[in-house]
Amino acid sequence: MTESAYPERVLLHYLDQESDLCDIENYVADGGYATARRVLDEMAPVEVIDTVKESGLRGRGGAGFPTGMKWGFVARDTGKPVYLLCNADESEPGTFKDRLLIENDPHQLIEGMILSAYAIGSEKAFIYVRGEFRKGYDILCRAVEAAEARGFLGEKIFGTEHTVGIVVHLGAGAYICGEETGLIESLEGKRAHPRIKPPFPAVQGLFGCPTIVNNVETLACVRHVMEKGPAWFKGIGPEKSPGPKLFCVSGHVNKPGVFELPMGTSLRELIEVHAGGVTNGRALKAVIPGGSSVPILRADEVDLAMDFDSVAAAGSMLGSAGVIVMDEDTDMVATLRTIAHFYHHESCGQCTPCREGTGWLETILLRLESGEGTEADIETLYSVAGGMMGTTICALSDAAAMPVRSFLDKFRDDFLGSLAAVQG
Amino acid sequence: MPRVTFNGVDVEVEAGSNLIDAAEAAGHEIPHYCYHPGLSVAGNCRMCLVEIKALSEKQDKPLPKLQIACNTVVQDGMIAESNNDRVAEAGRSVLEFLLINHPIDCPICDQAGECKLQEYYMEYGGYESRVDLDEKVLKAKATPIGPDVMLDQERCILCTRCVRFLDEVTGTHELTINERGDHSVLSLTEGAVLDNPYATNVVDICPVGALTSREFRFQSRVWYLSSKDTICPGCATGCSIEVHSRGSEIFRVKPRNNPEVNGYWICDHGRRVPSLLQGGERLSAHLKREQGRFLTRPVRTAVQYAASLLKDAGPVAVIVSPELSQEEAELLKQVAGLLGSEGCLVFRCEKPAFDDDELLISSDRFPNQQGLEVLGMRSADGPPVDCSLAIVAGCDPAGAGPQWADWLEGLDGLLVLDSHKTETAAYADCLLATATHFESGGTFINKDGLRQSFEAAISPPGDAVEGRLVLGWLVEELGSAAGDSAPPTALESQLAGA
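As they're listed, the protein sequences go chains A and B.
Just so you know, we're using this note's numbering here: the first sequence kicks off at 1 and counts up by one.
Just so you know, we're using this note's numbering here: the second sequence kicks off at 1 and counts up by one.
No lab work stands behind these hints, which were simulated from the structure alone.
Think of the CB as a built atom: it goes at the ideal place given N, C-alpha and C, for glycine as much as any other residue.
It is possible that some hints are incorrect.
A short list of chain B residues far from chain A (calculated; beta carbon distances all over 10 Å) [what the hints assert, rightly or not]:
1) Thr5
2) Pro64
3) Asn101
4) Ala140
5) Gly181
Here are the simulated PhoX-like cross-link-like pairs (lysine-lysine), alpha carbons at most 20 Å apart as the crow flies [stated by the list, open to error]:
6) Lys197/A <-> Lys53/B
7) Lys53/B <-> Lys65/B
8) Lys65/B <-> Lys197/A
9) Lys197/A <-> Lys61/B
10) Lys351/B <-> Lys421/B
11) Lys351/B <-> Lys447/B
The whole structure should be built from the sequences, with the hints applied where relevant.
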């Protein structure tokens, strides 16, 4: 298997740079902030939105919603401030790409945020950092301070009439804070209970004002779209799902890590070439392609282009591109129980199906894992998960239920083999 | 007004209303727990999921996911459905989720009989349980959270109605949800006690047995209670209430929705009025004083005696309470007229003071002050002078000090109408035993001039009769004796029929 051609790393550019890009001097010397300066000088906000629309950039947080279109939903002329929120609450198990961007190239994100805030007419932006990302938080705080000192953030930035300020906020460590309305509630100082929609944040978000929430990687991409142009971005990967993409590969591989590759790179290439193949020469059993919440794929399904539409067509989701690789010896019952435990622990408890269902799933899976399960338990597991899908305010319930259904659909024999009757 | 089609029934609904209310207008119930029309929409219980076949005339494609009816605002041309398998399955599933950690202690739960978990399980659940009892999450039971309210965390379905009530209506924030996931618990906020004048409303809006009234707990199963609509006599606001009673005993008071006055709420003072009004020493017989002793008389005989006592015997003062109904006050005014009196004087008994608040409580502790003012009655500044006879109705001036007691002592004749043995009653020559507010029908005019009628909730004890009835007879006696006034036949025949 050969590596696809990829001209240069942009998002992970710091890897190809000798100097520390956390230092604003080095970032500026490397051409940093020139794009923001130029765009604020030369382009109208609507032109920035149009450019991003033209690029085909889709949100990197998981849902893959077109970024330019999302920006277009911002309620205008409401007399209220518009807020840009950067979702840096990266918490989906198997996902660790945003952390690298924050810790190694914070100004790339800040520049992307200046451009995005300018586009949507926001003078105040927030970075909501996952509670456990203490190091990244400190780096971001220092970077924002340095950018303020240079006049890149604050009032009259780059000598223009424009204002963009950034507040870095450290969460307290809850998965649900990564859900965009949970994030907004948390930022307002409340429990991160996701909000019912409508109204959507673009109309009524932070403090009741029009708000856009974008993922770290998405905002970093904006910086490069504006620098290199929409055609460059659109030229990478599939037409409807273009651009450079960070893939996080973990599990039973020789070289786990984050890889910047064109959207649409094959899952097989990702595992076998970039991540160095399955450990100890074992055979591949299964892959979760987009973070622990998405449906699992069997080994025979990995000849798959890793872009939003192709993975969806294969019955799973690209999600956060957290690729979790499992070898032939993996205990699927134990794996699913671990996943179920996570969602049980993280359910905010607001909606009935998720609050009660996540615990029920774990209870049944614990029984199966300990070899005391019955065939009826498997049926119950399947139907409980069914009652949790599409019935709640946010997607956490679906995130807990989808793995259950897909594990049972694709690895039912593993579950039947765990039953008390079989175990004797 | 937008037109929506719900389960095939076309219905015109008020713009801005949600699907739950629209469905109700179409004669369909959409089951729900967390939605309450007096509170903001929380959308957390997920019981009201329905299928939207078309959002509006323009957006006529079905929505892929089921939608919560509470947060779906009606639009012209909306088509929604709840009577299909998909919605039924979702509802069944939500009920099963709600019950897996519920203690199912219905036999010892005070909410039994008026519990939405029970009701919806019978209507929409009906499945076999798939959980073992020892798998349930255990939480605190029977915890007092204030003087009036008991909390059972295990029964709580976390709908947050109570939390929203205390955040949005009273603004006192005593309750919150702590912890997360299936360990979420309804709790007092740090340092708080649920002790505000509206606290017991949380018991009314709790759809399950999580919040119960410490006073009503274990006093009666709700299915033994009968409910009557009336108006609270506790202050000049005149909140609409339901009185729940068994026989002649009132067990509790609940608010009755009245958008013009109290919305969905009442204050806790109002809930205590029945025990104050029905307690004490009741008058259950009509009495005539003869040679210093009270003798029991049938009501008509007592009324005839009262008429003979007052008629042509000298100037009469008529002292009335602003707790009397408008009907009683009007009849007393008629009596005063027939006796040539100058008119009725309003006597306000001493009561513990309330401050006006922004919600419902009025500092005027009397329910019909406005009504008496409409009839031109003025306040009694002190005992009336130049009167040798008096009628005292529903109030107790003797308790107000020696000047009143001396005045009552010096009268040649005194008729007292009251439900209780008051200090004034001791001076009476004739005592007519009347019904309390809860035993009477009538009308109050509240502080805002709103005229509200009510019916009797329970029967008066012994021979006691409604004031309006006994006063009607008195008017009749005085009128026929004078031969110049027709008896109020319409009122009497109406009451006789009731």
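Status of each hint after checking the structure:
Even its closest Cβ contact with chain A, about 22 Å, leaves threonine 5/B beyond 10 Å, as expected for a residue assigned away from the interface. For proline 64/B, the condition that its CB be more than 10 Å from all CB atoms of chain A is violated, with the nearest at approximately 8 Å. Its beta-carbon lying about 6 Å from the closest one in chain A, asparagine 101/B breaks the requirement of being farther than 10 Å from that chain. Separation of alanine 140/B from chain A is adequate, the least Cβ-Cβ distance of about 16 Å exceeding the 10 Å criterion.
For glycine 181/B, the non-interface assignment is contradicted: its Cβ lies about 4 Å from the closest Cβ of chain A, within the 10 Å cut-off. With a C-alpha separation of about 18 Å, the suggested pair lysine 197/A and lysine 53/B falls inside the 20 Å cut-off, and the hint holds. Restraint check for lysine 53/B and lysine 65/B: the C-alpha separation of about 10 Å stays at or below 20 Å, so the hint holds. Simply put, lysine 65/B and lysine 197/A have alpha-carbon atoms about 13 Å apart, close enough for the 20 Å limit, and the pair holds.
About 19 Å separates the Cα atoms of lysine 197/A and lysine 61/B, which keeps this hinted pair within 20 Å; it holds. Pair hint lysine 351/B plus lysine 421/B holds up; C-alpha atoms about 17 Å apart against a cutoff of 20 Å. Between lysine 351/B and lysine 447/B the CA atoms are separated by roughly 18 Å; this keeps the pair inside 20 Å, and the hint holds.
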